[in-house]
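Each protein sequence line maps, in turn, to chains A and B.
The opening residue of the first sequence carries number 1 in the working numbering; numbering runs sequentially from there.
The opening residue of the second sequence carries number 1001 in the working numbering; numbering runs sequentially from there.
These are computed hints drawn from the structure, not numbers from a lab.
Note that beta-carbon positions come from the ideal geometry of N, C-alpha and C, so glycine has one too.
You may find that some hints are simply not true.
To spell it out: a stretch of chain B is covered by chain A in this simulated footprint if at least three of its residues, at any positions, have a beta carbon under 8 angstroms from a beta carbon of chain A; those stretches are [unchecked claim]:
#1 1134-1140
#2 1247-1259
#3 1328-1335
#4 1409-1420
#5 1520-1528
Over the 12 angstroms line for every Cβ pair with chain A, so calculated as not near, a few chain B residues [as the list claims (entries may be wrong)]:
#6 Asp-1188
#7 Lys-1301
#8 Ala-1452
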Amino acid sequence: MKKTRMVFVLVGVLLLGLALVGAAKDTLTIYTAFDADQAQVYIEAFEASHPNIDVEWVRLSSGEVYTRLQAEAANPQASLWFGGSNTSHIAAAKAGLLEPYKESLAWQYIAPQFKDPAGMWIGLYVGYIGFVSNTDFLASAGVDAPTSWQDLLKPEFKGEITIAYAFASGTAYTTLAGMLTAIGSPDPGFDAEDEAYVAAFSAQVGQYNSSGSAAATMVGQGEFGVGIVFSHDILKKAVAPGYPVVMTFPEEGTSYEIGGMALIKGGPQLELAKVFYDWAMTKEAQDLYEQFYRLPLNPEANLAAGSVKATDVNVLPIDLVWYGDNKDAMLDKWSEVTGEY
Amino acid sequence: MKLDVYRRELRGEFRRLRRDPVLLSIVAIVFALLAIFIIFPLVKVIQYSLWANGSFEPRYFLEFFQKVYYWRPLINSLIVGALVSVCGTTVAFVFAYGIARTDIPGKPLFRLVAMMPIVSPPFLIALSAILLLGNHGVITDALNLNWDIYGLPGLVLTETLAYFPIAFMILEGVLSKIDPSIEEAALDMGASKLRTFLTVTLPLAIPGIASAALLVFIRSLEDFGNPVVIQGRFRVLTVAAYHAVTGRYNLPLGSTLAIFMLLPTLMIFVVQKYYIARRSYVTVTGKPSGIGLKSTEKRVKIPIFIAMLLFGGVILLVYGVVLVGSFTKLWGYDHTLTLANYIYVFKVGGQYVWDTLRIALVATPVGGLLSILIAYLVVRKRFVGRGAMEFVSMLNFAVPGVVVGIAYILAFNTPPFQLTGTVFIIMLVFIFRRMPVGIRDGIAQLQQIDPAIEEASSSLGAGFFRTFIRVTLPLVAPAFLSGMVYMFVRCMTAISAVIFVVSAGVQLLTVALLYEVDQANLAAAAAYGYVIIAIVLTAIVLMRFVVGKLFKGGLTPMRGE
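Same shape as in the complex, but just chain B (with noise of 0.2 angstroms):
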């Protein structure tokens, strides 16, 4: 019976995209798309990692567990994901909490502070802990220490600084929103604040906390930029397949590697969006619940903030020692100050800052317009494999850079999709890559904006592109505009994935980061990243400037991952 409906309806579906062949058409292209650029590469590595010469050889499957080389890197990665994941998101939820609620002063700075992590550039958070707790860091010799910051302590240290924002971002939102009226109700039977913090208001964070924790887990899982600079003899899954394609130019075993860590991300993925998601207790749609109740007692809030003081001023301190590191001439012997780094930067990478500029220039308009487009197709119009769509436009939010890189590399090289040596293939890595965050945000913005306007326009005769471009887009400003923000800042700022579709015609900023950083040089390689963070936020802020212009709404701030 219930099958006979299913099948009624998806005829039904069949018909009315038949009938309106704008439609039909358009969510061709799209699917299209998204088979090319993000199924397409996918298969290639499974193929790659499975098939030699065209016949079935999972060779180095069959080698990882064997091999200690192989394994003792990704059992590393996921005890590294594991103690970040629990470090990360402990400090964004004393940060939530001092913001969202209690009455501590000095909140934007503070919120600013926890930003910073997110448009700054990679390697930068680990270039500084060399400076400042290296072997002969300004720490280290300071109190006379003599401890090893490589490994394991620098890689939790660094990579819990770059994403605790992200849990950060989460917990704020969950903790803002919890109804206040089930907290007072225990107050008011006579519980302790205490046990009210313990038994409801942590109980309601948990689906939340754990959210949080599972992406911070992910994005440890898939970071390149710190371990490649502190990784010291603490190997990594991220670094090791690197060397294994550009070291060794070993595609079969890169492929291997890339799946051990495409299979936690992705079942963690599934995991946090089809089960716990679905477990939230806060609405964040329909009627807003009001301002939560702020904690005003001293007990609780001044430990809360002199926490968050600290951690603020480490922030600021890893971004102030890389800031004087970039003017300094010979850090660690001659501190006397120098632009010689900066000339030096626009010298030999000037040419970079116009390649970067010019991609990403490209990349994030059709970018923003793709993410708001499919957003707008999964929310408002009824199709076959509505959902199919909103899955994998949304998959590679879990697949790690690495991965993506080494699958275009895999998937792009040949006809028919010959792309590598182009600027194309960087553009289209910045694209699909990013694109999540803006259709997430998209279908977010969307699902509260009322139908009833678009089907107006389409009522008085506007076609479908007429009541998307003078409607729908105008309608989610905001969400396009953060997309958009979100991807400039990426094309600037990411390097896993890009590292291995550079080529000679093209340099981007974040790979001639990392070839100083290759080179030790720490200065230049500061530089560099100040650089980077010079335009980012110059952009930030012309494009806040124009879109609010246009649109003259209320502008969400940037959000995240």
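Isolated chain A (complex conformation) (with noise of 0.2 angstroms):
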């Protein structure tokens, strides 16, 4: 008899799972390139504003959504890229993954240089790279805070300095774009002065990351001396917890990125993405990225206090679509030249 009862349990543990597996709900995909706990205030936001609709979405890098958009363009599995920067919107509207959205009602009030003109994408906030140091580390080491491209270069330097991979991050690309129009001839693209500087700052590098915010953290920690990170991540995950250390930008100009917004083409609930691609644009909405002292694109939406604004920092003239146009080739060269990939 132990033997028939083991067969029901057996049975029954098989059904309770199928039962677990369950039918999917109708409801609206969407990738995100915001860290996991800042989607989740916007996303949670934006459901209790519409009770309706249900939002399931998975975390990825900028660079990660775009690849994956490659993978699944046969068969998109999500309708809206909500967040990252716009290098990979430019880089996917150009591959034909991306749904235009002229009729949204933001188009009319944001700026033509944080839109695409054919509606492909739109910005949803800026953001400026900064140099995070770690005090301690510059106190025992007895060098100042890094003030220019150059200075990363410091002897001081070498295996201190942390950022991530440039085919990784929006970051780490947004910084490498910076680094190729600061250094030589500010064209877009690598000429010889580029390569030798990404080669001597690559030796410098202790670590590569996966993710472009966790320099900043890191350096808190004091696991290295030096990060190239978004300023907004700086305050939000350097400064605001209270770890010893320093915001500085480059003399020579920093860097910047449109956080960008698309519809996915064939994506498979397009017109719920609307409703949250409109909801993304509002005051209300932007309102909260106060607390993560990223800049809002929306221009009655509130500022952080201490946000660094383009007024604070010295901006270079980055063709950000250029950058987008060629990452692909970039990233190759950028692979040749540091060794990694």
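Starting from the two chains in their separate frames, assemble the complex, guided by the hints.
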């Protein structure tokens, strides 16, 4: 009889398991390049104001979203791409992976440099690349915080710099675009001086990370001396928690990103995605950036105290569209020069 | 002549199969499953690495040896593998010798400590190494040291800790089964203890040591969780392949790197299975050989005991510091205790717990049953291709997780088997990747059970399923249980293969843990790690209880890899 009982239990476990797999709900699926804790704040706010829409989301870095859209082109799984450096959005638009949406309410009040002329993507926020240095490290190494791209090559910083892989993170690719513009000729792409600089810089790096903002935390924890990260991430992840850090900017001018949003071509729930898209550009939604030190593009949204505005730093004239268009070639070149991929 | 006999036998087996339609269809179904979920994905990897747009174009194969950033990670992986293999096997031998061949106290405790790395999630040991020995770690600061744990030293340290338990399990089995009468004979003839150890015990244990060392080598080669945290600039092949696929979406390159990872592991698998295993001098089955000679000499056992205490202490320290870290506000600067990390995990990761559990709850019984079914077919039934079935079903033992993950996205992204984006692909990865352990244990157990009981069931008119479920399954309950426990533990802790197949609808705890590691949120990562450990331990206790109630048999302790 024991054996019969066991058969019942086994069948029961199997049925329970199948029931747990369940049927998929009719929901909006989005890919987001916001950090998980931030994405959750925005998405919960959306769900609270739209109780009939359920948002299912995956957090990926912007480079990973782009590669995933390529992989799923025949069978898109998500409808909206929320956040992340717009160089990836530009590359995706070029690859024909995005759906235009010029009818959005926000289209009229977003300045032309913050949106795609064909309506493929729109800017959510802007961010500026900064240097974050651990003050304990600076004191013990007897060196000042770097204030120029050339400073990063100082021998005191050897093995002490951390940044993400250029292919894995929008932060790192934006930084690369800044280096190539600031060093040598400002023309986009690598020239001989750029190559020498990038190779010398890579030799200074102690660890490459998969995620752009990780460097801020690592420098805060003292694992590395200097990180290259967006200023909002430095403020949020290293300054606000109370780590002993200082934030500086390169005097030759720094690089910047536009955080982008786009509809995914052939996405399964495009109508729901448009509702989210419109909401994400409202003052209500963009006020949420304040707690994360991001700079909203809706002109009416609130700014966080201590935020870094374009007027605070010297911004390089970077051709973001060119860097978005030529991302694959630039990354190949980056691998050749650094020996990393 | 010989060929003729062989052909006649083959014909006989075909005839037998035709006469037993139930067996025939089950064998056919199992073969189909193995073909689709093990062979087909691997074929896809080879296809992607060698062909482009329909023509033969092994671009990355040719570039592999030309570009330093392609071949260097392979060399690095092999260096790490060799060092970890030596260190891990040495530590394991000391542990195994202490437990199997001496009368030191606290053996159950030592065994428990040695098992901890097996049930723990990935990343934790590397995280701990950073918390303790990183540039700003507890020990680094306390001793005011200036070393660099990132790179080779960190990799060897963390992987030795992570993989010595596998070697320990093998060596404990080998050392406790060496026939003491042989050693007694040597002692009686006047050999010293040391001489006996060096000329009798050690040579007898050599095949076991070789097996253990090779297994540790494979595990190190395919490790993803530790390198991704602590590799620094010492890039290893698993992480390189992961970035090739997820960072650049370069599938031909990812596939080529996968093949260079697969070649050494497959070679080792074949050498271990068909060469070393056959040279084993200890009998695993057959009559029990009694308990090995216990060394009670103080000058032998005290150094061993001290070494074990030290190493056990290191393991406890590793897990202890992560536990403290998970309750710490700002590691390195503000050591106020807080529950905030756990609150964060349940707020952000509540859904992940649920998703991971429901996947594990389906994959575990399905995988457990399938492994025993295959073991049963291989041991008890005679049919064409029996050896092939065993080989293929055990193949994933040697296929690194990163390779399985890449293979599954290549194979199941397009019709006829379009599975990407579903929970099923995750379950299938778990089931087919982890079955070999269940099958191996099932085979070992079935070989020790007299087939007469099953034959009696058949003679009394019970069909295939009736006999399998009512007679075989209860008889192999311990293997069934250990297979399921292992499968469940792996569902909760695996990362290297599933990281490629997770999707919007389903999130796994280990993937969430990887994300926190990527973000350098060490405290949140530690909290995720301990949530996973708590679930795993609860499940092991529950499963032992349930299966123990059902079978009342003696249950074997959980076996690892």
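So which of the earlier hints does this model not fit?
-> No hint contradicted; all consistent.
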